[in-house]
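**Student:** Chain residues, written in single-letter form:
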Amino acid sequence: MNNTSSVRLSGRQAMWLVVTTILATTLIFLPAWVAAEAKQDAWLSVLLSMVVGVVTAWLVSTLGRRFPDLTIVQYGERILGRVLGKVVGLVYAAFFLHINTVIVREFGELLLTGFMPETPLVVFIGTIIVVAAYGAWAGPEVLARVNDFILPVILFLLGVSLFLLVNQANLAALLPLAEEPAGIVRGALASAVFFSEVIILAMLIPSLNLRSEAARAGVLGVLVAGFSLMAVTVFATMVFGGERVANLTFPYLALTRIVSVRGIVERVEFLALGIWVLGGFVKISVFYYAAALASSQWLGLREYRSTVVPIGLAIGFLSVIQFENIDQISSFLTTAALFAYLPVTLGLPALLLILATLRGLKGGSGTAPGPRGADKEVSP
Amino acid sequence: MTRFRRSIVLAGLVLTLLLLGTSCWNAVELDRRALVMGVGIDKAKEEGKIALTVQIVKPGQLPTPRRAPGPGPPVWVVTSTGYTVFDAVRNFVLQSGRKLFWAHMVVIVISEEVAREGLAPVLDFFDRDAEPRRLSKVIIAKGIAAKEIMKGQHELETIPAAAIRDLVEGFTSVSTAVSVNLNEFLKRMSAGGVEPVAARIEVVAAEEREKAEEKALQSGDDGGMAEDPRLKAPPRFRVTGAAVFKGDRLAGWLNRPETRGYLWTQGKVVSGIVVLKCPQNEKETIGIELIRSEGEIKPRVQEGRVVAEVKVKAEAHVGDVLCPLDLTKPETLRLLEKRMNTVIENEVRAAFRKAQEGLRADIFGVGAALHRSSPGQWKKLKDRWDEVFPEVQVEIKADAKIRRVNLVLKPAQPK
Numbered sequence: 001m002n003n004t005s006s007v008r009l010s011g012r013q014a015m016w017l018v019v020t021t022i023l024a025t026t027l028i029f030l031p032a033w034v035a036a037e038a039k040q041d042a043w044l045s046v047l048l049s050m051v052v053g054v055v056t057a058w059l060v061s062t063l064g065r066r067f068p069d070l071t072i073v074q075y076g077e078r079i080l081g082r083v084l085g086k087v088v089g090l091v092y093a094a095f096f097l098h099i100n101t102v103i104v105r106e107f108g109e110l111l112l113t114g115f116m117p118e119t120p121l122v123v124f125i126g127t128i129i130v131v132a133a134y135g136a137w138a139g140p141e142v143l144a145r146v147n148d149f150i151l152p153v154i155l156f157l158l159g160v161s162l163f164l165l166v167n168q169a170n171l172a173a174l175l176p177l178a179e180e181p182a183g184i185v186r187g188a189l190a191s192a193v194f195f196s197e198v199i200i201l202a203m204l205i206p207s208l209n210l211r212s213e214a215a216r217a218g219v220l221g222v223l224v225a226g227f228s229l230m231a232v233t234v235f236a237t238m239v240f241g242g243e244r245v246a247n248l249t250f251p252y253l254a255l256t257r258i259v260s261v262r263g264i265v266e267r268v269e270f271l272a273l274g275i276w277v278l279g280g281f282v283k284i285s286v287f288y289y290a291a292a293l294a295s296s297q298w299l300g301l302r303e304y305r306s307t308v309v310p311i312g313l314a315i316g317f318l319s320v321i322q323f324e325n326i327d328q329i330s331s332f333l334t335t336a337a338l339f340a341y342l343p344v345t346l347g348l349p350a351l352l353l354i355l356a357t358l359r360g361l362k363g364g365s366g367t368a369p370g371p372r373g374a375d376k377e378v379s380p
Numbered sequence: 381m382t383r384f385r386r387s388i389v390l391a392g393l394v395l396t397l398l399l400l401g402t403s404c405w406n407a408v409e410l411d412r413r414a415l416v417m418g419v420g421i422d423k424a425k426e427e428g429k430i431a432l433t434v435q436i437v438k439p440g441q442l443p444t445p446r447r448a449p450g451p452g453p454p455v456w457v458v459t460s461t462g463y464t465v466f467d468a469v470r471n472f473v474l475q476s477g478r479k480l481f482w483a484h485m486v487v488i489v490i491s492e493e494v495a496r497e498g499l500a501p502v503l504d505f506f507d508r509d510a511e512p513r514r515l516s517k518v519i520i521a522k523g524i525a526a527k528e529i530m531k532g533q534h535e536l537e538t539i540p541a542a543a544i545r546d547l548v549e550g551f552t553s554v555s556t557a558v559s560v561n562l563n564e565f566l567k568r569m570s571a572g573g574v575e576p577v578a579a580r581i582e583v584v585a586a587e588e589r590e591k592a593e594e595k596a597l598q599s600g601d602d603g604g605m606a607e608d609p610r611l612k613a614p615p616r617f618r619v620t621g622a623a624v625f626k627g628d629r630l631a632g633w634l635n636r637p638e639t640r641g642y643l644w645t646q647g648k649v650v651s652g653i654v655v656l657k658c659p660q661n662e663k664e665t666i667g668i669e670l671i672r673s674e675g676e677i678k679p680r681v682q683e684g685r686v687v688a689e690v691k692v693k694a695e696a697h698v699g700d701v702l703c704p705l706d707l708t709k710p711e712t713l714r715l716l717e718k719r720m721n722t723v724i725e726n727e728v729r730a731a732f733r734k735a736q737e738g739l740r741a742d743i744f745g746v747g748a749a750l751h752r753s754s755p756g757q758w759k760k761l762k763d764r765w766d767e768v769f770p771e772v773q774v775e776i777k778a779d780a781k782i783r784r785v786n787l788v789l790k791p792a793q794p795k
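Sequences listed follow chains A and B, in order. Just so you know, we're using our numbering here: the first sequence kicks off at 1 and counts up by one. Just so you know, we're using our numbering here: the second sequence kicks off at 381 and counts up by one.
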């Protein structure tokens, strides 16, 4: 066996991980939530919303340059002191866990609604958590290599499915342009949460071989994911019209279902399914890893892997019990999540950066171990 | 050695998983599925109930390259009722023993009676459920129950529902009918400033049958006529014109010239024949074959009135000439083009007259076009668009080009 002495991601791999993490599950339903506010201007909302992602990426990577060997849980403690730092650490551990419960639930809901309506939700959730647990256990380097294969497949499938819709797309459906600025802003807020997922960089930076590339990885990752989401939104609007998109549960799934090229190329929803399962696996694994690493660092454990099993159980239980139905998920993500997630992904990093700059704090290795648990050989 | 053993264990694990992971939870094999090809929606006799009539494929009766078709019709036509569409759909199981599979349904035929009361309630199931596609054609049955349409047969196509779809899609070669799928219908229904249209289907054979029966009555000899195979033949259908909706309610119909007038404005006239009168002799005619067309509506607000400028461009060939016309001269073609412009303008005007005066439904999307070009004006008008649209002033500009005369210059004449 090769001796993988240290976990190292290249800047490009980090960027690709960011792209998959933002894009994977978001693209299936995002256009509906944005169009509910912005109608035919939904794509402008997505464009505007990328700003949130870019700012988050900049904040996190700037902090990462100050504390290159630490995660946000660790440098939070450095900056704020032990007690407040522990509070912030807990917030991040809880955040990564909680966002994953929502993603896992969505993952199951689409499979249930769109493909296998009679299968119990627990089957989907259980399966993906077991697979993602393996991904989280294996660590970021393995995930990045898997993603090196998966992301090109996702982008290819996405490109093909959109290209097949050209014959049904009506460019005029995008007019009038920028009709109601307030609606565009509201739509941008509804999609801000998804771009703020770039916060995972705060847990991945210590695994990068060149920490200086973090900013580029984050910003480029947000832009690639953002323009892909914009393309999906544009097509959804051109095919269904601004009013209809807002009423579809899974607009991208609907897009693939309506593909018809001369009656020969039809029923290509397997493309959506492929993107969903492949991308869902990477996304859930990445957040799983972040949650496990954050909680182990918060607890001062030496090995992040010792938290993988309990975190998985927590994700599984919470994702099933915290939402009673699909409407609660979408209303949570478009409204409550703004107040629950954005302060964590945008507010806290900004605060930390300001304090670190004022106090002139910089630092190397942390009090708790970095992601060194993953340094060891991955043995099945 | 340990590596070898490990790979054996791994291989065993993979094989076991492969065997266990072959199927989804509620898998149904293809030969156990009841494939619905088309559905007809009527009101049931009982108050408040809906009657669905479906065509289910009988796979054994379909011809394949290796096997001749079995005896009997290739589809099974069944009717079921329920308080909602889904209720009726599930009630089919009581008769079929299998749950119906909707993913291959190609047509949704709705009776005039149901359409007049509103389509939104009956279409929701087909929009919401994961099996049906939004590509199914929406068709309104004029003057006949949708059930009767489902019972019909077609001489060329084994599955009647597929034949109905072909009839609808065939509109492109005449451009006097419309083809609308569920997605397009719902898109227009939920958008502002544009009203939906749908295909219209009606019976052809019924009149013939009535005439024959009448004749039999008059002659007092029904024995012979009853054996006439035409009388027992299932009804034949024709898809022509268009059904016009206001919101989700059927408002009325367009006849064939009006339908083409409507299609001109949408740039959807693909092909078709325009019949012109001969210049020398008004009784004789010329057939012009359309090759392509473009149409555009440009609305503007002028002195408080909405003016819709309709621009139509058409390209055509000379298809057949029934009078001795000298087609070698460019002036002749120019003359024909002028006459063709008049025909196009008349058709568009007729469509607008019907939509504005008769049906008061903006099927052209004048409102939507106004929304696109001047959102400010639209904001002021949209709430009372129903009253504004009938007053919209229409300016029609047709620009026809006859490019070719096909294989003959002057028609052959007896000497």
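Calculated directly from the structure, the hints in this document are not laboratory data. A virtual CB, placed ideally from N, CA and C, is assigned to each residue, including glycine. Possibly wrong hints are sitting among the right ones.
[To be verified] In silico contact screen, one side only, chain A against chain B (beta carbon under 8 Å); selected entries:
hint, residue
1, 80
2, 81
3, 113
4, 240
[Said to hold, decoys possible] Simulated DEER-style distance windows between Cβ atoms:
hint, chain 1, residue 1, chain 2, residue 2, range
5, B, 740, A, 325, 27 to 33 Å
6, A, 159, B, 626, 37 to 43 Å
7, A, 83, B, 384, 54 to 60 Å
8, B, 632, A, 153, 50 to 56 Å
9, A, 277, B, 441, 37 to 43 Å
10, A, 131, B, 384, 24 to 30 Å
11, B, 695, A, 277, 28 to 34 Å
12, B, 453, A, 160, 35 to 41 Å
13, B, 467, A, 270, 28 to 34 Å
14, B, 781, A, 227, 39 to 45 Å
15, A, 10, B, 537, 56 to 62 Å
16, A, 247, B, 546, 29 to 35 Å
**Student:** Hints first: check each against the structure and report whether it holds.
**Tutor:** Now the hints, each set against the structure:
1. Hint on residue 80 (chain A) is violated. Least Cβ distance to chain B is approximately 47 Å, over the 8 Å limit.
2. For residue 81 (chain A), the interface hint is violated, the least distance from its beta-carbon to any beta-carbon of chain B being 49 Å, above 8 Å.
3. Interface restraint check: residue 113 (chain A) against chain B, minimum CB-CB distance 6 Å, threshold 8 Å, status holds.
4. Annotation: residue 240 (chain A) was flagged as interfacial toward chain B, and the flag holds, the nearest CB pair being 6 Å apart, inside 8 Å.
5. Between residue 740 (chain B) and residue 325 (chain A) the Cβ separation comes to about 41 Å, which falls outside the hinted range of 27 to 33 Å.
6. Hint check: residue 159 (chain A) to residue 626 (chain B), Cβ distance near 40 Å, so the stated range 37 to 43 Å holds.
7. The given range of 54 to 60 Å is respected by residue 83 (chain A) and residue 384 (chain B), whose C-beta atoms sit roughly 56 Å from each other.
8. Restraint check, residue 632 (chain B) to residue 153 (chain A): a C-beta distance of roughly 51 Å satisfies the suggested window 50 to 56 Å.
9. Taking the beta carbon of each, residue 277 (chain A) and residue 441 (chain B) are about 38 Å apart, inside 37 to 43 Å as hinted.
10. For the pair residue 131 (chain A) and residue 384 (chain B), the beta carbons lie near 27 Å from each other, so the given range of 24 to 30 Å is met.
11. In this structure the hint that residue 695 (chain B) and residue 277 (chain A) lie 28 to 34 Å apart at CB is violated, the actual value being about 49 Å.
12. Taking the beta carbon of each, residue 453 (chain B) and residue 160 (chain A) are about 39 Å apart, inside 35 to 41 Å as hinted.
13. Range check, residue 467 (chain B) to residue 270 (chain A): Cβ separation about 31 Å, and the 28 to 34 Å hint holds.
14. At about 42 Å, the CB distance of residue 781 (chain B) to residue 227 (chain A) agrees with the hint of 39 to 45 Å.
15. One distance hint, 56 to 62 Å for the beta-carbon pair residue 10 (chain A) and residue 537 (chain B), holds here, with the actual separation near 59 Å.
16. With their beta carbons about 31 Å apart, residue 247 (chain A) and residue 546 (chain B) fall inside the hinted range of 29 to 35 Å.
In the structure shown, a violation is registered for the earlier hints numbered 1, 2, 5, 11, in ascending order.
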